[in-house]
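What follows is the residue order along each chain.
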Amino acid sequence: MSASTVSASPVSTARAPRSRRRLVGWFILPATAFLLVFFAYPLGNIIWRSFTEPSTGLENYTELLKDGVSVKILVRTLVTGLIVAACTLALAYPYAYAMTRVSPRARNLMTVVVLLPFWTSMMARNFAWYMLEQRDGLIDDAFSLIGIDGVVLLGSVAGVTVAMVQVMLPFMVLPLYSGMEGIDKRLLNAAGSLGAPRWRAFVQVYLPLSLPAVLSGFTLVFILTLGFYVTPALLGSPQQSLIPQLIATRVSDLLDFGGAGALGSVLLVVTLLALFVVSRFVNLSSTTEKAVTHE
Amino acid sequence: MSQADHSKSPGNSHGIRIAGVSKVYAGTSRPAVDDVSLDIAPGEFITLLGPSGSGKTTMLSMLAGFVSVSAGKIEIDGKDVSRQKPHKRNLGVVFQQYALFPHMSVTKNIAFPLQQRRMPKAEIAAKVDEALRLVHLEEYADRLPSQLSGGQQQRVALARAVVYRPRALLMDEPLGALDRKLRDELQREIARMHRELGMTFIFVTHDQHEALTLSDRIAVFNEGRIEQVGTPSDLYERPETLFVAQFLGESTCFRGTVDVSAGVLRCGGFTPRAPRLDAGLDGSGGVAVVRPERLDLHSDAGSVPTGHNRVRATVTEIVYVGNHHQVGLRFADGTNGSAMRVAGRDLPAVPGEEVTVSWDPEHQSVVADPADEPTAERPAETLGAAAT
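Here the protein sequences come in this chain order: A and B. Just so we're on the same page, our numbering is the position in the first sequence counted from 1, plus 15. Just so we're on the same page, our numbering is the position in the second sequence counted from 1, plus 1258.
Misleading hints may appear alongside valid ones.
Here are the in silico distance ranges between beta carbons for each label pair [what the hints assert, rightly or not]:
hint, chain 1, residue 1, chain 2, residue 2, range
1, B, A1284, A, M137, 41 to 47 Å
2, A, W214, B, D1465, 19 to 25 Å
3, A, P119, B, P1300, 54 to 60 Å
4, B, G1408, A, P119, 43 to 49 Å
5, A, F296, B, A1449, 41 to 47 Å
6, A, F217, B, V1600, 35 to 41 Å
7, A, F217, B, D1293, 34 to 40 Å
8, A, A46, B, G1408, 56 to 62 Å
9, B, S1542, A, W214, 40 to 46 Å
10, B, D1474, A, W214, 36 to 42 Å
11, B, R1423, A, R215, 18 to 24 Å
Calculated from the structure, these hints are not laboratory results. These numbers come from a predicted model, not from an experiment. Virtual Cβ for every residue (Gly too), placed ideally from N, Cα, C.
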């Protein structure tokens, strides 16, 4: 992030007088310095320690593969991320679509509703879910009414997933909405006039054009889910822990900074890999994106 | 046509028939389209002409099925399609903004309607090739729409809309987004396609030039209603309302009072002869409309042919427009007008001089003066206008 910002500035101000260029340099200095001290340095430090503590070498990484737990938890984390992203998408797609079809006033209201969780304290939200999901909580009682007993989501991956989907919803709805808004609605009329019933017009025209937005929303939610700590820690169980909990345990309970660093590095690599794959995919279809936003 | 009872309506069993159609959008009181009836013959090129907001695009959207009909009905080949979904109407639509599918190549765009009709692959390929040849875009088959110019995109849209031989082709300001040169070129192309395909074309525009050059018939829309339907020369030479006279082409308008028994229009100061006066206008306000090319200018009043209307005017300006001169005139009663002189002929006066203006009454139309009949809807506006 910081590197690209720095390198971009001389290009855009190439023809500006030297003094102005220097001034622009000062503008970005605080943010760059902040990122260097509080992001780049700790990150480098963690990666360095994963190779050097307690002894120099790949020991921490081979240990991850051998201990039989870490790999299992990594896979569980990835699968949970995919499930959360998929569930969020299923809820957000029709919602975002509806946002593009309603009046500006209704749209504002819908945006506020989506953003509401953002304005609520993280802890308050998680404890609210705790109350809802616990034994004899609202969800358990509701299911009891229709004769299904013992639906206690607390302490299960399902319980964590439900809460995470709720938190992630805005991260899916907003990119989807901005992508869908760029799709010309007349294309659906055109498809209709050419003989396509509404559902086929949707599948063949609208869905492909909304795909870049789907992909970016999905990636965002997936990556954010991988690093989620509070929700799984509070609503999940130690037996069903995810990577962030594992890292926290290593750091605070075991003081195993090297092992925690290795886990963190693996998570980072997985994230970058996902971003890389998606960015290639979105680039491939960038012509579509351009055409959609081009008027 | 074989049915004798409706000799003037070709829409009895063939063609498109619009019968008393209205559209009131939710949340509005004034209808966007107000009791419009129109019969369109098979193979006809008809233009819906009008200013923006006159209801012409709404009418087209109702024909295509994008907008529901509030009242009345639309028949295609004798079948009521008013409630039919767009994809079942078998009409082609061309939009102002092209509406090509941006994620599909030119070929796939054109193949789209054929695939919807479950046509075999080989047949689709042949038809797409034929359509590409029709619009001269054979070399662009594999391009994406974003890689084409506006004119090329609109050609693709045309090819896509005719490839399945729809019942009729509806075009909503198809040339509106193009620059002038391309517009002229595509206009000729559309005329050629109409000749070659023999399909019914329904064309919406606000451009009178496009309407006059392309159409078999023109329906002039104003405030949701049809003012007049007729051939281009009908509308230009014999406008029935002041709106049509002023919307299509330029004209000099003399206001006065109609006197049917004397066969004249009584204007302040002079009384032009007016043949074929509408008896219903007797005693009320009328406007004599004359086109610029029908006005003759004389420095010497003696050279005016007998039987022609004549009136004195001051030349206010002379504008050179290449192949002709535009002569601005001010008449004694304050009316402004303009005459046209083909370049090469001598001008009888310079600005500031007086001339005698004459014209053959046969080339003049007398229409009702809308300012003279206060409408129930806007009495305040009419009163205000009269007071000033």
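Starting from the range 18 to 24 Å, see whether the pair R1423 (chain B) and R215 (chain A) falls in it by beta-carbon distance.
holds, 21 Å
Taking 41 to 47 Å as the hint, is the beta-carbon distance of F296 (chain A) and A1449 (chain B) inside that range?
Since F296 (chain A) and A1449 (chain B) have Cβ atoms about 45 Å apart, the given range 41 to 47 Å holds.
With 35 to 41 Å as the target window, see if F217 (chain A) and V1600 (chain B) comply at their CB atoms.
violated, 59 Å
Could you see if the CB distance from P119 (chain A) to P1300 (chain B) stays within 54 to 60 Å?
Given about 44 Å between the Cβ atoms, the range is violated.
Is the gap between the beta carbons of S1542 (chain B) and W214 (chain A) within 40 to 46 Å?
violated, 58 Å
Between the beta carbons of D1474 (chain B) and W214 (chain A), is the distance compatible with 36 to 42 Å?
holds, 39 Å
That 19 to 25 Å hint for W214 (chain A) and D1465 (chain B) (C-beta), does it hold up?
Roughly 38 Å apart at Cβ, these two residues miss the hinted range, so it is violated.
Against the range 56 to 62 Å, how does the distance between the Cβ atoms of A46 (chain A) and G1408 (chain B) compare: consistent or not?
violated, 42 Å
Outcome of range test on Cβ distance (A1284 (chain B), M137 (chain A); 41 to 47 Å):
The hinted range 41 to 47 Å holds for A1284 (chain B) and M137 (chain A), with Cβ atoms some 43 Å apart.
Can you let me know if the beta-carbon spacing of G1408 (chain B) and P119 (chain A) is within 43 to 49 Å?
violated, 30 Å
Could you tell me whether the CB distance from F217 (chain A) to D1293 (chain B) stays inside 34 to 40 Å?
Since the Cβ atoms of F217 (chain A) and D1293 (chain B) sit about 35 Å apart, the hinted range of 34 to 40 Å holds.
Hints 2, 3, 4, 6, 8, 9, counting from the list given before, are not met by this structure.
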